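Visitor: Kindly generate the complete structure, drawing on both the sequences and the hints.
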Amino acid sequence: MKITVNVWRQKGAQASGRLVKYQVDHVSPDMSFLEMLDILNQQLIAKNEEPVAFDHDCREGICGSCGVMINGLAHGGRLATTTCQLHMRSFKDGDVITVEPWRAKAFPVLKDLIVDRGAFDRIIQSGGYISAATGSAPEANSTPIPKENADLAFDAAQCIGCGACVAACPNASAMLFTAAKVSHLGLLPQGQPERKSRVFNMVATMDAAGFGGCTNIGECSAACPKEIGLHFIGRLNRDLLSATLSGGTTAD
Amino acid sequence: MTIETKPQVDTRKPVEYTDARLNANVPAGPIEQKWSKHKFEMKLVNPANRRKHTIIVVGTGLAGGAAAATLGEQGYNVKAFCYQDSARRAHSIAAQGGINAAKNYRNDGDSVQRLFYDTIKGGDFRAREANVHRLAELSVNIIDQCVSQGVPFAREYAGYLDNRSFGGAQVSRTFYARGQTGQQLLLGAYSALSRQVAAGTVELNERTEMLDIIIIDGRARGIVTRDMVTGEIESHLGDAVILATGGYSNVYYLSTNAMGCNITAAWRAHKRGAFFANPCYTQIHPTCIPVSGDHQSKLTLMSESLRNDGRVWVPKKAADTRTPDTIPEDERDYFLERRYPSYGNLAPRDIASRAAKIVCDEGLGVGPGGLGVYLDFSAAMKRLGENTVRARYGNLFDMYERITGENPYKIPMRIYPAVHYTMGGLWVDYNLMSTIPGMFVGGEANFSDHGANRLGASALMQGLADGYFVLPSTIGNYIATGGYSTIDPSHPAVTEAVGAVKERIQQFLSINGTRSVDSFHRELGNIMWEYCGMSRTEEGLKKALTLLPALREQFWSDVRVLGSGTELNQELEKAGRVADFIELGELMVRDALERAESCGGHFREESQTEEGEALRNDDEYCYVAAWEHFGTPSQAVLHREQLQFESIKLATRSYK
Numbered sequence: 004m005k006i007t008v009n010v011w012r013q014k015g016a017q018a019s020g021r022l023v024k025y026q027v028d029h030v031s032p033d034m035s036f037l038e039m040l041d042i043l044n045q046q047l048i049a050k051n052e053e054p055v056a057f058d059h060d061c062r063e064g065i066c067g068s069c070g071v072m073i074n075g076l077a078h079g080g081r082l083a084t085t086t087c088q089l090h091m092r093s094f095k096d097g098d099v100i101t102v103e104p105w106r107a108k109a110f111p112v113l114k115d116l117i118v119d120r121g122a123f124d125r126i127i128q129s130g131g132y133i134s135a136a137t138g139s140a141p142e143a144n145s146t147p148i149p150k151e152n153a154d155l156a157f158d159a160a161q162c163i164g165c166g167a168c169v170a171a172c173p174n175a176s177a178m179l180f181t182a183a184k185v186s187h188l189g190l191l192p193q194g195q196p197e198r199k200s201r202v203f204n205m206v207a208t209m210d211a212a213g214f215g216g217c218t219n220i221g222e223c224s225a226a227c228p229k230e231i232g233l234h235f236i237g238r239l240n241r242d243l244l245s246a247t248l249s250g251g252t253t254a255d
Numbered sequence: 047m048t049i050e051t052k053p054q055v056d057t058r059k060p061v062e063y064t065d066a067r068l069n070a071n072v073p074a075g076p077i078e079q080k081w082s083k084h085k086f087e088m089k090l091v092n093p094a095n096r097r098k099h100t101i102i103v104v105g106t107g108l109a110g111g112a113a114a115a116t117l118g119e120q121g122y123n124v125k126a127f128c129y130q131d132s133a134r135r136a137h138s139i140a141a142q143g144g145i146n147a148a149k150n151y152r153n154d155g156d157s158v159q160r161l162f163y164d165t166i167k168g169g170d171f172r173a174r175e176a177n178v179h180r181l182a183e184l185s186v187n188i189i190d191q192c193v194s195q196g197v198p199f200a201r202e203y204a205g206y207l208d209n210r211s212f213g214g215a216q217v218s219r220t221f222y223a224r225g226q227t228g229q230q231l232l233l234g235a236y237s238a239l240s241r242q243v244a245a246g247t248v249e250l251n252e253r254t255e256m257l258d259i260i261i262i263d264g265r266a267r268g269i270v271t272r273d274m275v276t277g278e279i280e281s282h283l284g285d286a287v288i289l290a291t292g293g294y295s296n297v298y299y300l301s302t303n304a305m306g307c308n309i310t311a312a313w314r315a316h317k318r319g320a321f322f323a324n325p326c327y328t329q330i331h332p333t334c335i336p337v338s339g340d341h342q343s344k345l346t347l348m349s350e351s352l353r354n355d356g357r358v359w360v361p362k363k364a365a366d367t368r369t370p371d372t373i374p375e376d377e378r379d380y381f382l383e384r385r386y387p388s389y390g391n392l393a394p395r396d397i398a399s400r401a402a403k404i405v406c407d408e409g410l411g412v413g414p415g416g417l418g419v420y421l422d423f424s425a426a427m428k429r430l431g432e433n434t435v436r437a438r439y440g441n442l443f444d445m446y447e448r449i450t451g452e453n454p455y456k457i458p459m460r461i462y463p464a465v466h467y468t469m470g471g472l473w474v475d476y477n478l479m480s481t482i483p484g485m486f487v488g489g490e491a492n493f494s495d496h497g498a499n500r501l502g503a504s505a506l507m508q509g510l511a512d513g514y515f516v517l518p519s520t521i522g523n524y525i526a527t528g529g530y531s532t533i534d535p536s537h538p539a540v541t542e543a544v545g546a547v548k549e550r551i552q553q554f555l556s557i558n559g560t561r562s563v564d565s566f567h568r569e570l571g572n573i574m575w576e577y578c579g580m581s582r583t584e585e586g587l588k589k590a591l592t593l594l595p596a597l598r599e600q601f602w603s604d605v606r607v608l609g610s611g612t613e614l615n616q617e618l619e620k621a622g623r624v625a626d627f628i629e630l631g632e633l634m635v636r637d638a639l640e641r642a643e644s645c646g647g648h649f650r651e652e653s654q655t656e657e658g659e660a661l662r663n664d665d666e667y668c669y670v671a672a673w674e675h676f677g678t679p680s681q682a683v684l685h686r687e688q689l690q691f692e693s694i695k696l697a698t699r700s701y702k
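For the record, the sequence lines run as chains F and C. Each step along the first sequence adds one to the number in the working numbering, with nothing skipped, and position 40 is 43. Each step along the second sequence adds one to the number in the working numbering, with nothing skipped, and position 319 is 365.
Fair warning: there could be bad hints in the mix.
[Unchecked claim] Chain C is nowhere near these chain F residues, computed Cβ spacing over 12 Å in every case:
1) K5
2) S19
3) K24
4) S31
5) M39
6) R106
7) G130
8) S139
9) G221
10) S224
11) G232
12) H234
[Stated by the list, open to error] A partial selection of chain F residues facing chain C, derived with a Cβ cut-off under 7 Å:
13) D33
14) I48
15) S68
16) D124
17) P149
18) G164
19) A175
[Unchecked claim] Here are some of the chain F residues that sit facing chain C, going by a computed Cβ distance under 8 Å:
20) M34
21) L43
22) Q45
23) I117
24) F123
25) G131
26) I133
27) A136
No wet-lab data here; the hints were simulated from the structure. Owing to the predicted nature of the structure, the values given are computational and were not obtained by experimental measurement. The C-beta atom is built at its ideal place from N, Cα and C for all residues, glycine as well.
Guide: Below is the structure:
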């Protein structure tokens with residue numbers, strides 16, 4: 004196949020960027036989207052032009068490093084699929100594909116298609132954990148956890164932190180990301196003691212990072228490669244409300 | 047079926063170290079008491095004094111992340127580093143199947159002793175006994191720790207933890223979180239680490255790559271890093287350094303490792319005096335998705351857990367063009383079940399991989415190029431129903447379908463072996479300290495626990511054992527016995543190391559050659575796979591020893607690295623890594639040539655039984671090969687740590 008790509012090129016965080024058109028020949032349908040970009044980069048290097056910078060690592064859909072807007076859709080719009088797992092058989096000969104970085108105030112562009120998602124780490128640091136220091140754990144089977152709770156917690160815990168939810172949201176909200184962690188830990192008995200402070204602090208950090216508000220549109224969940232459900236946002240809101248009503252505070 | 051098979055003549059030799067630096071410091075006493083005795087005998091650092099000590103941790107996977115979090119909890123001042131944009135993305139995240147622990151929740155005969163024995167035997171009797179026993183002991187604490195962090199392991203309806211079986215074991219001792227166990231365990235460690243970042247005990251440096259180690263007065267006292275966004279070269283000083291930087295499968299270019307996995311941190315340490323142990327021990331995983339073309343950038347593993355219910359077969363007739371569903375049962379060769387009736391499809395990885403290679407070499411392989419075998423779930427689907435199969439393996443089936451475009455519920459999967467893990471690594475003693483005092487090595491980056499072959503679900507166990515439990519104890523002992531002075535950042539050793547890193551970067555940028563870094567990496571991978579892959583011969587290895595130095599020379603005269611050093615420059619990052627991989631490749635080949643026996647993942651064609659199984663030579667090779675660097679890999683000097691088996695007898699490793 005022959006593919007035309009319009010790729011966002013931006014020299015650095017302070018530079019202004021623009022879309023640049025490239026032609027990629029000899030694209031096989033068995034290639035992943037990133038392997039198509041690899042070929043483009045080899046072409047560029049051969050012409051003494053700087054290759055396109057993009058984040059990627061495991062290339063099997065689990066590390067959460069990769070992620071670009073493909074024709075305006077986060078990860079290209081295929082259900083439950085990261086950019087690295089999107090294959091060129093989803094495109095056809097002669098297609099023109101626009102490739103851009105995640106767009107969100109809280110995710111500043113560092114270079115070309117690479118953005119800084121450090122805000123996600125800061126949200127987790129503000130409460131996305133259970134304070135169980137090494138050595139303090141009781142015997143693992145001493146607390147049975149109903150299978151349905153464990154399974155639901157797992158569904159939420161699958162989040163790979165790629166940022167597609169933010170990129171897909173018209174408000175650039177990080178509610179699905181935050182809700183996934185709040186729900187994962189809130190569904191488990193081990194997560195109860197810190198449940199209130201956790202939701203307060205994580206939401207406060209999310210807001211401070213510059214993410215937008217949630218207006219229940221649902222693009223986040225549709226774009227999520229792990230199909231994290233919108234209902235987890237409902238859980239976060241319930242936790243936040245109940246923590247507020249019971250007089251919790253953000254600082255503890 | 048009995049586990050013990052054909053004990054051979056006891057070939058133990060007296061303790062002999064060819065170099066005093068290779069004293070493994072294994073505590074005296076019965077094996078089951080060594081670790082508790084050692085913990086009591088180790089010196090402690092007073093809680094109030096811990097914050098005065100800085101520990102540098104490179105890598106934030108299971109070993110590094112767990113160690114950094116735990117040392118932070120203990121009150122040390124920790125500086126952690128990772129090349130990824132977040133600590134949560136280390137490649138431990140990609141481990142699928144599970145983590146072993148001798149909990150014996152199934153009441154099926156498991157015990158610390160049995161996990162210990164299975165691991166030693168799985169490693170083909172080439173691991174250090176005392177380390178492995180400690181690993182088996184700690185396995186049970188790991189599960190407790192992870193559950194308390196909120197790791198959502200699979201559970202039974204009663205709410206108790208579920209288990210499944212993995213290769214090389216006849217008990218169900220593998221804990222799992224669907225097909226994403228590594229992800230959930232890493233996110234557990236990452237959450238503990240994040241808590242310490244918030245507490246101010248851990249300073250996390252993402253998108254930062256370690257490019258050299260700083261040694262002062264014979265001790266590791268710091269590292270040199272490059273900020274991968276700004277290009278700034280910095281030195282970081284401390285009282286001890288932990289390398290938890292993973293393995294080197296990417297020396298083969300195509301592997302199941304993440305694209306960024308590299309040997310640079312360990313190789314830089316090796317060049318500064320850390321011995322590199324058993325570099326030729328690599329694991330080829332039997333169940334990966336076959337290569338689809340020259341564009342391939344990496345290989346994807348399908349979890350070993352699939353072999354619980356999937357049956358591996360090829361047509362009995364060569365070049366059989368029929369679709370798999372139209373090939374009758376009696377014209378199929380279920381070669382693992384045939385060759386290894388007692389372990390069947392759950393034969394260990396090295397054995398299953400080699401068996402697949404043998405049938406493909408005979409022309410019986412399926413799919414493009416005949417490089418594939420079927421992994422068939424039709425029997426399981428008949429027995430259990432499609433829904434049960436979907437519940438167990440749904441995400442793996444989906445992944446297979448996304449990559450190949452084929453539906454594994456309808457057509458058997460095609461699989462082929464791929465490089466997956468490296469058992470070799472930096473040499474460490476019982477305390478996980480390398481031959482550079484003050485430099486510790488954890489997880490896949492060290493060599494210590496898996497011998498010549500790692501069993502499935504044991505990498506996660508080892509990473510977390512090292513990170514949560516072993517390193518936090520032994521580092522304390524090292525700090526307590528030290529009393530090390532503060533280092534002046536303008537110390538000549540710091541200036542020298544920083545200068546060397548800057549000079550090397552300048553070299554890459556000024557070659558202005560004609561070939562991309564990737565083209566060299568691919569060529570290196572082809573050489574390694576061809577001559578130092580699933581099976582090795584003296585002739586092939588000698589050939590590789592002529593090809594690799596030539597490739598190294600060409601790289602340094604003809605590589606093209608565009609851009610500058612003072613910006614985000616992914617080609618520059620890759621150039622440094624590939625340069626080190628080329629050198630490592632040469633050392634791997636030398637090690638493989640030196641070890642003229644077959645053991646575990648190292649198969650020398652000259653050394654096999656009549657049935658084509660690996661033939662060990664305990665009289666001559668029952669040692670850890672530890673290489674010391676001098677100038678180039680061709681000048682590296684081999685030292686031997688003789689392996690002592692006090693509690694078990696060396697036996698032929700059989701899974702028949």
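Visitor: Of all the hints numbered above, which does this structure not satisfy? Sort the numbers upward.
Guide: Result: hints 4, 5, 7, 8, 19, 21 break, sorted rising.
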